[in-house]
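Novice: Here is what each chain is made of, one letter per residue.
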Amino acid sequence: MAVDVTDKQFIAGLIDKERRAQRSGGRWLVLPILALTIAYLTPLYYLFVTVFKTSPEYARKGVLELPDSLAPILDNVVQAWTIAHLGEAALNSFSYALVGAGLAVAFAAAAAYGMTRLHLLGANGWFMLIFTGTLFPFQMYLVPLLFGYQRVGLINTWFGMLLVYVAICIPFPLLVLRNSFSAITREVDEAARIEGASEWRVFISMIVPNAVGPMIALFLLQFTFIWNDLLFSSILANGIEVRSIMVALQSLQGTYSTLGPNVVITATLISSIPTILLFIALRRYFMAGLQLGTK
Amino acid sequence: MSLFKTIGAAGLATALSVGAASAADLALYSDKTPWNAGMTGLAEAASKASGATIKLQEITPTDKYQAFMQTSIAGNNVPAFFTWWNGQQLNDLVATGVAADLTPYWQQAIADGDFSADQQALVSVDGKPYGILLNVANWVMFYNKNHFQKAGIANPPTTWAEFIEDCDKLKAAGFTPINGPASGGWMPFIWFSQLVLGTNPDSFVGLTDGSVAYDSPDVQNAFKVWGDMYAKGYFTDPREQDDQKFFVDGTASMFLVGDWHSGSFVEAGMKAGTDFGTFLMPSLSPEVQQSVIVEASPIVVSKAALEANPDLGKGVQAMMGADAANVLGSTVQVYNGNLKANAPNEIIAADKDLVAAAKPRALVRWWEAVPSQIQGDLVAAMGAFMFNPTADQATETMKTMQTINADYWASK
Amino acid sequence: MIPASVLLSPQVLKEARRRERRVAWRQTRIAWLFIAPAVLMVALFLLAPVVFNVILSFTKWQKFTGIDQFAGFNNYARLFRVPYFSEALGNTAVWVVGAVIFPLAVGLGLALLLRNIPFQETFKSLFFLPRVLAPTAVGAVWYYVYAPRGVLNSVITGATGSPFDYGWLYSPDTVTGSVIVTFVWQTLGITMVLLLLGLAAIPRDPIEAARVDGASSGQIFRHIIWPLLLPTVLVVTILNVAAGFTTFDLLWVMAGDYPGKRTLSLAVYMYYESFSNGAWAYGSAVAVVLGAMVIAVSALLAVVQSRVSRNIR
Numbered sequence: 000m001a002v003d004v005t006d007k008q009f010i011a012g013l014i015d016k017e018r019r020a021q022r023s024g025g026r027w028l029v030l031p032i033l034a035l036t037i038a039y040l041t042p043l044y045y046l047f048v049t050v051f052k053t054s055p056e057y058a059r060k061g062v063l064e065l066p067d068s069l070a071p072i073l074d075n076v077v078q079a080w081t082i083a084h085l086g087e088a089a090l091n092s093f094s095y096a097l098v099g100a101g102l103a104v105a106f107a108a109a110a111a112y113g114m115t116r117l118h119l120l121g122a123n124g125w126f127m128l129i130f131t132g133t134l135f136p137f138q139m140y141l142v143p144l145l146f147g148y149q150r151v152g153l154i155n156t157w158f159g160m161l162l163v164y165v166a167i168c169i170p171f172p173l174l175v176l177r178n179s180f181s182a183i184t185r186e187v188d189e190a191a192r193i194e195g196a197s198e199w200r201v202f203i204s205m206i207v208p209n210a211v212g213p214m215i216a217l218f219l220l221q222f223t224f225i226w227n228d229l230l231f232s233s234i235l236a237n238g239i240e241v242r243s244i245m246v247a248l249q250s251l252q253g254t255y256s257t258l259g260p261n262v263v264i265t266a267t268l269i270s271s272i273p274t275i276l277l278f279i280a281l282r283r284y285f286m287a288g289l290q291l292g293t294k
Numbered sequence: 000m001s002l003f004k005t006i007g008a009a010g011l012a013t014a015l016s017v018g019a020a021s022a023a024d025l026a027l028y029s030d031k032t033p034w035n036a037g038m039t040g041l042a043e044a045a046s047k048a049s050g051a052t053i054k055l056q057e058i059t060p061t062d063k064y065q066a067f068m069q070t071s072i073a074g075n076n077v078p079a080f081f082t083w084w085n086g087q088q089l090n091d092l093v094a095t096g097v098a099a100d101l102t103p104y105w106q107q108a109i110a111d112g113d114f115s116a117d118q119q120a121l122v123s124v125d126g127k128p129y130g131i132l133l134n135v136a137n138w139v140m141f142y143n144k145n146h147f148q149k150a151g152i153a154n155p156p157t158t159w160a161e162f163i164e165d166c167d168k169l170k171a172a173g174f175t176p177i178n179g180p181a182s183g184g185w186m187p188f189i190w191f192s193q194l195v196l197g198t199n200p201d202s203f204v205g206l207t208d209g210s211v212a213y214d215s216p217d218v219q220n221a222f223k224v225w226g227d228m229y230a231k232g233y234f235t236d237p238r239e240q241d242d243q244k245f246f247v248d249g250t251a252s253m254f255l256v257g258d259w260h261s262g263s264f265v266e267a268g269m270k271a272g273t274d275f276g277t278f279l280m281p282s283l284s285p286e287v288q289q290s291v292i293v294e295a296s297p298i299v300v301s302k303a304a305l306e307a308n309p310d311l312g313k314g315v316q317a318m319m320g321a322d323a324a325n326v327l328g329s330t331v332q333v334y335n336g337n338l339k340a341n342a343p344n345e346i347i348a349a350d351k352d353l354v355a356a357a358k359p360r361a362l363v364r365w366w367e368a369v370p371s372q373i374q375g376d377l378v379a380a381m382g383a384f385m386f387n388p389t390a391d392q393a394t395e396t397m398k399t400m401q402t403i404n405a406d407y408w409a410s411k
Numbered sequence: 000m001i002p003a004s005v006l007l008s009p010q011v012l013k014e015a016r017r018r019e020r021r022v023a024w025r026q027t028r029i030a031w032l033f034i035a036p037a038v039l040m041v042a043l044f045l046l047a048p049v050v051f052n053v054i055l056s057f058t059k060w061q062k063f064t065g066i067d068q069f070a071g072f073n074n075y076a077r078l079f080r081v082p083y084f085s086e087a088l089g090n091t092a093v094w095v096v097g098a099v100i101f102p103l104a105v106g107l108g109l110a111l112l113l114r115n116i117p118f119q120e121t122f123k124s125l126f127f128l129p130r131v132l133a134p135t136a137v138g139a140v141w142y143y144v145y146a147p148r149g150v151l152n153s154v155i156t157g158a159t160g161s162p163f164d165y166g167w168l169y170s171p172d173t174v175t176g177s178v179i180v181t182f183v184w185q186t187l188g189i190t191m192v193l194l195l196l197g198l199a200a201i202p203r204d205p206i207e208a209a210r211v212d213g214a215s216s217g218q219i220f221r222h223i224i225w226p227l228l229l230p231t232v233l234v235v236t237i238l239n240v241a242a243g244f245t246t247f248d249l250l251w252v253m254a255g256d257y258p259g260k261r262t263l264s265l266a267v268y269m270y271y272e273s274f275s276n277g278a279w280a281y282g283s284a285v286a287v288v289l290g291a292m293v294i295a296v297s298a299l300l301a302v303v304q305s306r307v308s309r310n311i312r
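Sequence lines, in order, name chains A, B and C.
According to numbering that gives the first Met the number 0, the first sequence is numbered sequentially starting from 0.
According to numbering that gives the first Met the number 0, the second sequence is numbered sequentially starting from 0.
According to numbering that gives the first Met the number 0, the third sequence is numbered sequentially starting from 0.
Excised from the complex, chain A in its bound form:
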C-alpha cells in the first residue's frame, strides 16, 4: 500500500497514536515508581518531622508521627549549635571547601593547560604521575600524613588541612580539563600568541573562558567532597578550632550520646543545608559533573 508521506493528516494521526501509546504505558509505570519513591523518601520524611520534635515528644510518639508544633526546632538548633560548636565547624568546612576546591580546580586547569597547549617534554608522563594520585585508597595516606604533619607542625592547623584537600582534589579535575582543553581548537591560542600575548594571558583569557562550564561543575563536585569529608579531618584536624562539620556531627551521634535523636537529626540537617542548596540551585552543573567523570 502506498502511503502519501506528504499527507499531513496521516502523519498527525500516526504521531497522535504513538503519543497515546506512550502515555498509557507511562501511566501504568507511574504507580511502581511512586511506591518506590515513597519508600525512598521515608528517611527524609523522618528527618523533617524529627527536627520539629522535643526530646520527650520524640520518646512518646511514633517516629513517623507529625510533631505537635514547629517551635521545638529552635531549641534543637540552639542545642546542636552550642554543644557541637557547629557554627565554628561549619565555618571551617566552608572555608576548606571554598578555598580547597577553588585552588584545586585552578591548579588542575593550569596543569591541563601546560600539558595540552604548550610544548612539554614528557607531558604524558607528568599526567600519569598526577593521575596516579587517584589510584590509591585514602587509607594509604592517613598514617604517613599524620606523622608527617606531626613532624612539621601542620597537624591540627587550618592550613595543613587545606593542603591535603587541595592535593586530593587536583587529579580528577586535571583528567577532565585535559580532555576539555584538548577539544578547544588550536587556532584560538595560536592567534593570540602571534599577537604577542603571554602564555598566562592566553591561558586566562582564551582557554579558561572556553571551559567555564566543566570548571564550575568540577568545583561543585570537589566542594561537596570536601564539605562531606569525615576521614581526613577526623585524623589530621580534630581540634575544636579546626575540625570539620562532619567531625562535629559524628561527635554528637551514638547510643551513649545523652542527646535526643531530635537534636542529632537537627544537626544532620544543618550540616546538609549547604550541599542541598547548591544542588537545588545548580542541579544542571551537578548532572554535568557526573557525565564528566564517565568519559
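Please keep in mind that the hints were generated in silico from the structure rather than gathered at the bench.
Just so we're clear, the structure is a prediction, and the values are computed from it rather than from any experiment.
All C-beta atoms, glycine included, are put in the ideal place defined by N, C-alpha and C.
Accuracy of the hints is not assured; some may be wrong.
[Said to hold, decoys possible] Sample of chain B residues facing chain A (criterion: CB under 10 Å; computed from the structure):
| id | residue |
| --- | --- |
| 1 | ALA26 |
| 2 | ILE58 |
| 3 | ALA66 |
| 4 | PHE67 |
| 5 | THR70 |
| 6 | ALA73 |
| 7 | GLY74 |
| 8 | ASN76 |
| 9 | ASN145 |
| 10 | LYS149 |
| 11 | PRO309 |
| 12 | ASP310 |
[Unchecked claim] Straight-line alpha carbon distances no greater than 30 Å define the calculated DSBU-like cross-link-like pairs of lysine-lysine that follow:
| id | chain 1 | residue 1 | chain 2 | residue 2 |
| --- | --- | --- | --- | --- |
| 13 | B | LYS270 | A | LYS60 |
| 14 | B | LYS398 | C | LYS59 |
| 15 | B | LYS302 | B | LYS339 |
| 16 | B | LYS244 | B | LYS231 |
| 17 | A | LYS60 | B | LYS302 |
| 18 | B | LYS302 | C | LYS59 |
| 19 | B | LYS31 | B | LYS168 |
| 20 | C | LYS13 | B | LYS411 |
| 21 | A | LYS60 | B | LYS231 |
Given chain A's structure and the hints, the job is docking chains B and C onto it.
Specialist: Just chains B and C now, with coordinates in the frame of chain A:
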C-alpha cells in the same frame, strides 16, 4: 576570570574570620557520658579556681574516644584535661611524655587528709602520680531486691553453688537472672574477667602480663561455665545497647558492674537499698580465694597546658578537694575516694563495708591491666562469644585471643 | 611543492632546528611553571605518603611514637595469623559484591521504568539528592531508621500489628546488609542517572526494527539494549567497586555500637588498628594490601571496559 577572584576573595575572608574565631576555652574530655553532670561540676570548680574557662567535651563510645585521644596525642593537640585509665593504659600514656607529673598536688592532698598514699599509688607510674582520681569503685553484683523476694531468696549467695541455685530460682520466677550487655566497646570483658578470676585469680593476673595463655585450662573452664550459663538462659540479649535497660525495667535481676553505676539506677527511678542491693561475687569453688576488682579512673592533665598556664594547678587542687568530690557524689553518685567526702549513696557505703568484712583479694581491672594495643581486639573476640555462646565459638574465641596475645608478647 | 630539503642547505636546516628546539625548550620551561603547583601538591601530599606507607608497613609497631626498627614481612605475616584480617576481608568482599550488584540491578530497573514517563527530571532529581549528602549525615539518619525503636521497626510493627524491636545494626546477621541498603539508597540515584544517559545514547532504529520483526521486550533487552549498555554498566561497576572496597564513613557512623565493628570492612579495620590500638605499622600493612587489591581489581575492570567499548565501536 571573575570566578577565581570571587572564590579567592571569599576564601580569604573566611580564612581571616576563622583565624579570628579561634576558641580560647580549655577542654575536659571524657567518654563517661552518664557522669556528665558531675564532670561539668568538676570543670566549673576547676574554672573558678584557675580563672580559665574549662568546658566538658564528650566522645563516645570508648573505642572512638581512644582513637580520638590517640590522634590528639600524636597531633600534639592534647586536651588540657582528659579522663583516662590507670594500670597499663596509664603507663603507655606517661611514656609519651604528655601527662603532667602531679606530685606536688598529691603531696598537698595527702597532707590535708583528702587522700591517702595508697590511693596515690592507684594513679602512679614509677612512683609518680599522673592523675586526679575521678572514680574509685568496687566491682559488685547489683541485685533487684523485689525479684529476690518473689523468687524466695532470703539472702544474697555466698558460694557459687548458691549463686547458681538462686539463678535457677529467679529463672523459675520468670526473670532473666543476669543483665549481660556487650555494648560500649568494652562490656564483653565483664563476665570473662569474673569467671577467670573466680577460677584462679593468679591466672587472671597472668593473662595481662603474658605469662598465662588465653587458651589455658583456667580460661577454658571460664568459657565452659560461661557457655553453660548462656545455655541455661541466665543472660539477657547482648544486642541491647542501653547497658542498664534490662536491669532497671525489671527484666533482669542482677547486674555485675562497678558501683559507680548505682547513680544511673537511681536516676532511672530505682531506690538504692530498697529496690536494689549489692553483694560480692563468690569464687567458683570454696578453695579459691574470693577476689574483688577495684577500678580507679584518673583525670590526666596535659603537661604542655599546665606549663603554659600554671594557674591550672589551682584547678587541679580544686578537683582534688572534698567539695569537688561531693559535687560528683551528689550529682552522679560517683565516689572519687576523697577521705573527707561523703559516700555518695548507701550502696557505695555498704560496698566499702562488704569489702572490709570479706577482705577479698583486690585486683586491677582487666581493661586497665592488659596492654592497650591488644585490648580492643581481645574485647571484640569476647563479644563474638556473647553473640554466639557455643562451645565451638568458645574454642574459636580462645584461639583468636591467644594468637593476638602471643603475637603481641613475641613482638615485644 | 618543492621539498624543504632541496631548498635549504644543511647548515640553514640545522640552524632552524636549533631555533625550533630553543623555542620548544622555552615553552617547556613555561609549561613547567604551569604544571608545578599540581605536580608538587600531588607528589608531596599524595605520592610521598603512599611511599612512606609502604615503608612503614615493614617496620615494627610502636604505640604513639611511630617508626621503629625494620620488621621484614612480620606485619604481613600477622595478617594471616590473626583471624580479624580475614574476617574484614570477607566482609569487604560482601561489600564489593553488594555495592556493585544492588545499585546496578535496582538502578537499571528504575532507569528502564523512568525512561518514558512524565516528570522524569523531577524523579531523577529526587533520587539523585541523597548523593550530595555526606555519608556521615546519611548514616546519622539511618542509624535511627534501624534503631530498635526506629523507623523500620515502626513500619513493620504497623504492618504486622505486633511490636517489633529488632536491633538491625547490632546483630552479626543483619549489620552488613543494613548498611549496604543505606549505601544503595545513597548511590542509587547516580547509578540510575548514568544508566539513563547510557540508555539515551542507544539508537532507536535497531530496537524499532526488532519490534517490527516481532521480538519480545525481553529479547530486545538481552540482544540489543544490554550489549550497547555494557560500557556504561562497567563504568558504574568501576565506581562502585572502589566505593565498596574503601567503605568507611557509613560503617563508622552507623555500626559504632556493634561489638564486631572493627572487622566490618578493611578500611574500618585499618582505622581501628592504627588509630585506636596505635598499631601504626600493622595498620599500614592493612592499607597496603587494601590498596593493592583496589588497584588490581580496578585495572582489570578498566581493561575489560576498554575492550568492550572498542568492540562496540
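Novice: Each of the hints needs a verdict: does it hold here or not?
Specialist: To see whether the hints hold, each was checked on the structure:
{"no.": "1", "hint": "ALA26", "result": "holds (7 Å)"}
{"no.": "2", "hint": "ILE58", "result": "holds (6 Å)"}
{"no.": "3", "hint": "ALA66", "result": "holds (8 Å)"}
{"no.": "4", "hint": "PHE67", "result": "holds (6 Å)"}
{"no.": "5", "hint": "THR70", "result": "holds (5 Å)"}
{"no.": "6", "hint": "ALA73", "result": "holds (6 Å)"}
{"no.": "7", "hint": "GLY74", "result": "holds (4 Å)"}
{"no.": "8", "hint": "ASN76", "result": "holds (4 Å)"}
{"no.": "9", "hint": "ASN145", "result": "violated (25 Å)"}
{"no.": "10", "hint": "LYS149", "result": "violated (29 Å)"}
{"no.": "11", "hint": "PRO309", "result": "violated (22 Å)"}
{"no.": "12", "hint": "ASP310", "result": "violated (21 Å)"}
{"no.": "13", "hint": "LYS270(B) to LYS60(A)", "result": "holds (28 Å)"}
{"no.": "14", "hint": "LYS398(B) to LYS59(C)", "result": "holds (23 Å)"}
{"no.": "15", "hint": "LYS302(B) to LYS339(B)", "result": "holds (28 Å)"}
{"no.": "16", "hint": "LYS244(B) to LYS231(B)", "result": "holds (21 Å)"}
{"no.": "17", "hint": "LYS60(A) to LYS302(B)", "result": "violated (49 Å)"}
{"no.": "18", "hint": "LYS302(B) to LYS59(C)", "result": "holds (28 Å)"}
{"no.": "19", "hint": "LYS31(B) to LYS168(B)", "result": "violated (35 Å)"}
{"no.": "20", "hint": "LYS13(C) to LYS411(B)", "result": "violated (69 Å)"}
{"no.": "21", "hint": "LYS60(A) to LYS231(B)", "result": "violated (37 Å)"}
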